[in-house]
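Starting from the given sequences, assemble the full structure and let the hints guide the process.
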Amino acid sequence: MLRFALNKGLAALLMLWVVGTIIFSVLFIIPGDPAELLLTSDGASASQESIENLRKEMGLDKPLITQYLEFLAGAAHFDFGQSLIDHVPVGETIALRLPRTIELILAGLFLGLVTGIPSGTWAGLRPGGSFDRTISAANAVLISVPGFVIGTLFIYLFAQVLHWLPAGGYVSFTSDPLLHLKLLALPAITVGLHLFSIIFRMTRASVLEMRTHDWVRTAVAKGLRRKLVVRRHVVRNALGPIVTVVGLQMGILLGSTVLIEFIYNWPGLSGYLVTAVQQRDYPSVRAIILVVSALFILINFMVEMIYSLLDPRIRL
Amino acid sequence: MPDNSGLNFKPTRRAVLAGIGAGMTAMALPGRVWAAEGKTLRYGLSTYPPSITPWNNTGASSNYVKLSLYRGLMGYDSEANLVPEVAESYEWTDPTTIVFKLRDNAVFHNGAPVTSEDVIFTFESIIAEDSSAYLKSSLLNIVKVEAVDEKTVKFTLTEPSAVFLKELANYCAGLVWKGSTQDDPIGCGPFTKTSEERGVFIEVTRFPDYYIQGEPTCEKIRFTAYADQNLRYAALETGDVDVIEYLPWAQFDTVEQSDTLKISSTVSPFMLVLFNVANDGPFKDPKVRQAVGYAIQRQDVVDAVFAGRGEPLTGFPNPPGSPYKLSDASIEYSFDPERAKKLLAEAGYPNGFSCRLLATSTYGMHQDTAAIVQAYLQMIGINATLDLPDWATRVKKGKEGDYDIAVHGLSGYYNDPNALWPLLHSGPASYTRSFGFESARIDELLEKGRATMDEAKREEVYKELAKAYFEEVPQVPINWRAQAHAMQKPVKGFMAFPGWLNSSSAYSFDVTELS
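Chains as they are written, first to last, in our numbering: chain P, 1065 to 1380; chain Z, 11 to 525.
Check each hint, because a few of them may be wrong.
Stated by the list, open to error - Within a straight-line C-alpha distance of at most 20 Å, the following computed SDA-like cross-link-like pairs (lysine to any residue) qualify:
| id | chain 1 | residue 1 | chain 2 | residue 2 |
| --- | --- | --- | --- | --- |
| 1 | Z | Lys406 | P | Val1338 |
| 2 | P | Lys1120 | P | Thr1130 |
| 3 | Z | Lys406 | P | Asp1125 |
| 4 | Z | Lys297 | Z | Gly446 |
| 5 | Z | Lys458 | Z | Lys473 |
| 6 | Z | Lys406 | P | Phe1092 |
| 7 | P | Lys1120 | Z | Ser141 |
| 8 | Z | Lys406 | P | Asn1117 |
No lab work stands behind these hints, which were simulated from the structure alone. These numbers were taken from a predicted model, which means no experiment stands behind them.
Given below as structure tokens:
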């Protein structure tokens, strides 16, 4: 087990170094100059001299190899430098924004799990029943409509027509808990719907497969109550693939909640990444991608751990 | 075996409905409490200001916030008239010398009085060797700034300038206390920054010692960024904010017909075509560039891209609100494909040619305008391939001349033809000018116009410039586009400043009231 963890840890470090180096080089290959972009926002014209002076201030006049080594050295002790745009340490911004994205994903995941697993199980136990057919049809719609369309519809319905919720934005939980939850509601439901459709399908398919096994028949034959059979013998065994998919989705969502964040003005990490790319704020882009990669690797690692807990036959 | 009867929850239809009902009531109960908040003006920005350094131009949203914190010697009143701001009065003692008398009661946010020394510090920093200030190149005509006494300061210029005062009223000319550090420049504007959450909002609070008694009229302004234009509009409609900038064109009608909202709009920036004339391609010939001018049906762009909110621009982009009358049908384009084809034939391209048309996919209006221009060019035999990179790449390609023809949108910051200087006067390559284009005639006229103080004579100079603009073809104009703020009906005093002053509308925050 320890040996396994060590191996994984080393591999993770190596992967992070590769990711960091790729991202560093890609940023210098794609065109665009942060100094010029900052001084020419909204079509303003900036003199060449002003741009050169700002480049110097940003440290972009140093040789590439110096910049690369500084980046590696910094990253090694979690110092990602300052944003080129407003000089705030990048680590600080990530510490502020990452929890918001994670909060959004977890809230969505919670909604997805509490709705997806029971309904998937129910549908899987009675395939072809009216419940199964209704939810499966609704699910087909959900899976084909992208999140930003649902988001736009939600804002129109709940904010503009019904005036139940604000149109979007963010306040911290500490300054106004109720408003915080209200603002979280729509984006979380949007993420949750996406996860629901995936979890529902996985659960349904998995339960369908499990219920035909011999040991289920045996359990029923020996007189166990139906609920117990379902909970202990069907659902538990069906959870394996669901854990994998949920783990993968968590990682993917870390980078792809951007549309949801953008539509609802939720100031999370992926929204920051997009702005940073647009502004060519190199230190921020590098740091965010490194952090997201690290989390992705970590989640995968945890998925394997949970696997072995659920199914002791899988030895690490 | 544990007793798990408690887990046997049977969802009945009634229970579920009751639950949903209770949840929705809970969501709806406190209703719109967050909408009513005393005298805080809630302003919806189009983007979170990348930085709020007083002298760098980092975009329209930053400039709005900046004008609430920093003010310069000159400014605008709530009717958009040029007036002394931190200065109480000014006097030209000779054509190249101007003396400003500072207000006695003007103080910085740290309590220090505004003195001549602060003015000197500000302008010396702006034109310093290593400065990245927006106005640096414009203000290099300052020979020296001297203190006559504590509250009187004298500027000496290299030559007379008809626009010097307008430049001083720019949002990048705010006075900064001389003891400020680079990270914390202290200004003397009507508000001070009191709280901020990066990427979310900036809140400024009334500065009690502001030099104009009774202003500003609101207690606080909370600037919240809504990057998505539809969400920004939704936030206004739901009452989350009081004023929004850059109202989407598609929503103009809705706001005009609304019972609760109103609009303040002006015709401001213009869309245009730029050319790469550096290589020996077809666009080196002014006739080919003029052909492009005759090929485009401008009203189509206004209708399709800007929902009809704009005007075709057929000649010299004399800013709306400019004091000079420069229009003249003989030096303006019309939609005349035959003439365009004739011009192409005269230039030696009777069968047209192929080229690359650069715009950006970052801004829908640039992309859509480019698509229409492409279609019209097709009609006169020019096959343009669209190149639509993201904004950063587009800026770079424009600056390096990596295009044949480009669609762009531009504006100045005051309503005088001289505001076109950075867009027309030759200088180091810029994505805002046709690549490789230089005209001694245009340069000379711009210089002459700036140095002429007599209004009648200036008008003559700019008539000549309008002619040169048509004949030398540094750019082909397409249309003016409307720019609007939308706000709740009870908001009083805030208005979109006319024409190119639009970017200075934040001066009217001083008298904005929420009734």
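Broken hints, numbered, in rising order?
none
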